[in-house]
Each structure stands twice: as structure tokens, then as C-alpha cells.
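Asks: Work the whole structure out from these sequences, hints included.
Listed below, chain by chain, are the residues.
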Amino acid sequence: MSKLSRLKAPEKIPTGIEGLEHLTLGGLTENRTALVAGSTGTGKTILGVEFLYRGITQFNRPGIFVTFEERPPEIMRNVKKLGWNLEKLVRQGKLMFIDASPQLLPQEEIGQYNLSGLMVQIEHQAKKIGAKLLVMDSIGSLFNQFGDHALIRREIFRITELLKKRGLTSIITTERLEEYGPISRHGIEEFVSDNVVILRNVLEEEKCRRTIQILKVRGETHMKGEFPFTISNTGINILPLSAIELKQESSTERVSVGNAELDKMTSGGIFRDSILLISGPTGGGKSLMSTIFSAEGCRNGEKCLLLGYEESREQLLRNASSWGVDFKKWEQNGLLKIICKYPEAMGLEDHLLIIRREIESFKPRRLVMDSVSAMERVSTARNFREFINGLTSYVKQERICSLFTSTTPQLSGGDSITEAHISTITDVIILLRYVETGSILRRGIAVIKMRGSEHDKQIREFTIDSKGLHIGRPFKNVENILLGVPTNSGPSEKEHLEDMFE
Amino acid sequence: MKCILKLYIANETIISRRAIANLRKIVEFFEGQYGMEIIDILEDPESAVNDHIVAIPAMVKSLPPPPCMFIGDLSDTESLLISLRPNSEIKSEQQE
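For the protein sequence lines, the chains are R and S, in the order given. Sequence positions in the first sequence follow the working numbering and run 1 to 502. Sequence positions in the second sequence follow the working numbering and run 1001 to 1096.
Warning: the hint list may mix true and false statements.
Calculated cross-link-like contacts (lysine-lysine; reagent style DSS-like; alpha-carbon spacing at most 30 Å) [unchecked claim]:
| no. | chain 1 | residue 1 | chain 2 | residue 2 |
| --- | --- | --- | --- | --- |
| 1 | R | Lys80 | R | Lys12 |
| 2 | R | Lys303 | R | Lys467 |
| 3 | R | Lys127 | S | Lys1006 |
| 4 | R | Lys449 | R | Lys264 |
| 5 | R | Lys303 | R | Lys363 |
| 6 | R | Lys128 | S | Lys1006 |
I should point out that these hints are in silico values taken from the structure, not numbers from a laboratory.
Replies: Put into C-alpha cells, the structure is as follows:
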């Protein structure tokens, strides 16, 4: 009884892998073995190497890498481009490789055997460097190297018991045949069942989508479901989509959108921590709104990050100068950064990662994304929703005043899928619409939503010229502007007569 | 010149005892062509590391070629006798 009462709850130790602590709510369980299962090319080896590399360099926990497949020099070479100098760690005696890959020597099985050789190697090397971490990659190879599979299963169980006894926090990788099939090919999860992580690489709409799922963390809670990740030049980056709790204080400071009349429509500007969505048909003035919004920031000395996904840098510069805004000057002053990328250039996870990196390094106060609907074009609905959630929660956390534009599928307006996903997340929505009255095409603008503030409920006419945006009087007698097909309910007789003699 | 058969064991276990006994029989059978060396990796773990010993018992034949590794307690001495026959014997048989 006294022995039992002294038992402590298992502790978690951080891995240093971006986003993994968030998913596992603290890291891997200390002294336990985590099974990382995934089909070929899902990033199992990288995850294993990164776990050791970060463990050694960030938390000073020496580690052992047992390889059953690639030879140690190959592994060291493969991760060189990530800037991980494993040779140095080996020289410093903090990292040790155990090469259990199939050897050149032909091998024949005659009679009974066990895997004590491997266990002796692990014990010996662990003692030598005072190892705290261990990775075995990938254990399924043992089933190819040795014929007695029942024995290999028993031996894997013995090995995990040894790791526990020696206080090694470990990752064992194993392969899977199907993305949504049995957990591991050889049913290893039955022995290694403290923590189970699944990596996937699924082709969706001609795009590869990597995800990570924490299936189980013994005795602990964790984030459930699949989370997208990418492998970038800094290793594995798990994008915590719902990562940030909505607990940040809301700001009461108002900032200008760059147009005095529009500020008036929003009762004095939008709040500092708002996300503003501009929806309109193509050519409807969205880029102009983006331009005046960023220009206003730069004028006040606020750094502004402009992400263009529809037009090139040169086009954006030219457009801006046609409205009397000199973007080049602010770029030189370091107040403005313009990044233009094709949405098709990479997956949304990579786009999100790049945006986060740019925000981290540039530290903008304003962000413009023109347009988010371009991103929708290259992804699935689920993928897009994850991207939007990830992006908005991040800019909210960083308190960056953001403007997103969204192109409506039809010239006359109407719903877009983008808006269905994004409208609940945004704080302010402004609609730009073409309005046809008396055979003349006019432009209309309306603020349809503004969280925590009064706003103008009228639909006003606006014009665009070389000085930018001008908002005029509200439309009269026009209906259905927002629903998509504005119709003129006819001017009153008096107005009609006045117009005729103007 | 004697060719050395290296036998890796871990501690005195029933399996390793069987492996030693079987190997001894084989060495005796070939009358002085083979010598044997027993390495207990618990006493000499570095040799397990250097020679990539995963399964135990493991017997390594480096010479005469071809080099080969035999895993297990060597209980099937019949097949082992064929595998270990020196090339010279096989050649002389073929000539007859």
C-alpha cells in the first residue's frame, strides 16, 4: 500500500517541435514510449530526428537514435539542409547512433535467438552518454530482417520495458499501409500503447496534405482530430488551428480605414484588433480599399504587410500610384512590405507558415490580404476553413488590424463560399456592389456588420478617381443591393422630373 | 591457417549454452580447419556496437569467403556443416 501511494502521475516533457506541445498539451510522457505511425513519406524519420535534435540542443537531454533502415551517415546528411548539425552532437557525446540497419553480410537463421544484442547496445550506449531520449526508426524493418515474427513481437515488448526501466523517453516509428486503416502494419501498438501519434500524407484535390493526429496519450488529455503540418526549412511545423484561445482583451481604440467618409460610416473607424472583410465583385474597388487601408497605416508610422495573391508586385505598385499612393517610398522606409505569391505555388499550410514567419519577423500593425477567395480556389473547403481559422486566430493574438478581401463569384454580388466560412470570424464586413439605376452603372458601399459598435445602415454611392475613394449620398429607391440583383424601384415622379431638366 | 568462427553470446543462457555446444561440435568435425572465439557482449559491449550485433546468438564467419552471419543456437548442425565446408573440399569432390 505504501508503495502504491508513492506512485507519481507521469510527467510530460516538451519536445521543442513547433506546435506539438500544444497538441499534446505539454509534450510526451516522460519515461514512456510513443508510437509514431505513418505510411511512407509522411515524415516519421524527420520527426524522430527533430525530437532528438531539439531535446539535445534546447533541453540538454542526450539521446540515442537506433536506425533499422537508413545508415547513420545518410540520416546526418539528409537533415543537414535543415541546419541540424548532428555530427557535432555526436562529437560532443550528446547523440549516439546505433546502426541496426541490415548489414551487407548475408544472414541465415539457424535455431532459436533473441534481440539481446540490440538491448545490450542500447543499455551500453545510454549509460555512456547519460541518454534521456531514444528514437527507433522504423521498427517494422525488424520484421523484414528476421523471420520469426512472433518472437520479434515479444522482443519489441521486452525492449520497451527496458526503455522504461532505463528512464528513456522514446519514440518508435512504424509504417502503415493505408492512411485510414489499421494503426500499424504489424500491430505494434499493442505493445507500445502509452502514446500513439499518426502522421498522414493524403492527396486531396491534387494537393498533398500532411496531417498529424494524437490518437492517445495515456492518462492525459490532448487535442483531438487531425492537424495539418508542413516540413519546412526549420523542421516540422504543426499549425495549431484553434490554438489560441479567444481570451485577448478587446481594444476600444479606433483606427482609420483611410477614408474620412468611410470612418464616419463606421462611427469613427474600426477597432484596433478588428478583422475587416471587404466583399465585392471583380473591379469593384477591393484593391483600392486595400491600398488606402495600408497607406493610412504607413502614414501613421504603422508597419503594414500586404499579401497579394491575385496581382503581381508591379501591378499593385502601379494601381496604388494611379490613386495617388506611393508604395515604393514606404517600402524604402521599411514601413511597408509587399509579398506576392501565386495561391497555386504551395499548399495552404505552407502559405500560412510563410505568413506567420513574415509576421514574426516584420511585426506589422496592419495586414492586408488580397484576396482570401483566391486561396479558396486552390483548396478543399475543409482545408480552406483551417487556413482561415489559423490565420485569423493568429492575427487576433498578435493584435494586427487586418483587412481581407473576398471576390464574389458574380459581378452583381451574391454569396461566396469564402464569406460563409469567414463572415463569422470577421468583426467588420463592408460590401461593395454594382448598382444599376436608370441604365447607369454605379457603385454602392454598405457596412453590414460591425461588432461592438454602431454603424451607418445606409447603402451609399461611391466613386473612384485619381485621388482615391469618395463616398457620396445614400441610394434611394434601390432594392436588393445586398441580395445580388439590385432593382430600381423607380424614382418618385418629382425626382424624375428634376433629373430630366438637370 | 585456421579460420576463426566468432560466436557472440549475451551471458550464460540456455540458448547460448546450446550455441556453444553446437559450434564446438562443428569445429571438431572440421578437424583443425576452424578455430572458435566466444564473445560475451555483456562483458564486451563495444564489440556488439562495432559488429552491429542485434540478434543473439550470432556466429560470424569471415574466412574462407563468402563471409556470412548465422543467427540462432546453431541447432541445425546438418545445414551448418554444408554451409561451412571449405571451398577446397568442394572443389576436390567435383574433380573426383
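Asks: A separate judgement is required for each hint: does it hold in the structure or not?
Replies: Hint check:
1. Lys80/R / Lys12/R: 29 Å, holds
2. Lys303/R / Lys467/R: 23 Å, holds
3. Lys127/R / Lys1006/S: Cα-Cα ~26 Å, so holds.
4. Lys449/R / Lys264/R: 14 Å, holds
5. Lys303/R / Lys363/R: Within the cut-off at roughly 7 Å; holds.
6. Lys128/R / Lys1006/S: 25 Å, holds
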